Amino acid sequence: MKLTEWGTGFFNKVYAPPLKEKKMREASGRSENAIVEAGTGHHGISMLWTYIHPTPEILIHQYVFETPIDETSTSIYLINTRNFLNDPKDDERVMERNQVVAFQDRDVLVNINPVLTPNKINNEFFVPMDRPIKRYRELLEKGEKKKDGASIARL
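Mapping to my numbering: the sequence shown position 19 is 19, numbers consecutive.
Read the hints as simulated data drawn from the structure, not as lab findings. Quick caveat: nothing in here was measured; it's all calculated off a predicted structure. Just so you know, not all the hints are guaranteed correct.
[As the list claims (entries may be wrong)] For each label pair, taking beta carbons as the anchor points, the in silico distance ranges come out as:
1. Pro-128 with Pro-17: 24 to 30 Å
2. Glu-21 with Asp-107: 16 to 22 Å
3. Arg-93 with Thr-117: 31 to 37 Å
Ideal Cβ positions, reconstructed from N, Cα and C, are used throughout, including at glycine.
Full structure from sequences and hints, please.
Structure below.
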């Protein structure tokens, strides 16, 4: 795990079957099960990054920017970069694959309770693998205190 003043991130080696879509599978150069590198993290409170390396030569880097609209709604902007299937004709194929993954994530998260994150981290139970989440919440809390202090200073 990498910790910086602005964020937390980590990389893992994970099991991955070959890609189902033929052209993507061919472009990856991999038609067998493999161990691939993937990582995710955040920079600041509203930017997430994900790096997926299906092979050492094939790289997918994604940057997500989130902007709250209200207590239960968020606008999400995705920047997806890749060093393969770079022909504009392949953009639709890649966007479809991103949508498949987004829907998988949604299906996992839709029934999680509580829906809203507790206001204080001491109201949550963390296991060791939750360290990046806990650190994010600590940085968020630190930012809130700094903002509140700046507001008081202006008065």
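So, going through the hints one by one against the coordinates:
Range check, Pro-128 to Pro-17: about 28 Å between beta-carbon atoms, so the 24 to 30 Å window is met. Here the CB-CB span from Glu-21 to Asp-107 is close to 20 Å, well matched to the stated 16 to 22 Å. About 35 Å separates the C-beta atoms of Arg-93 and Thr-117, a value consistent with the hinted range of 31 to 37 Å.
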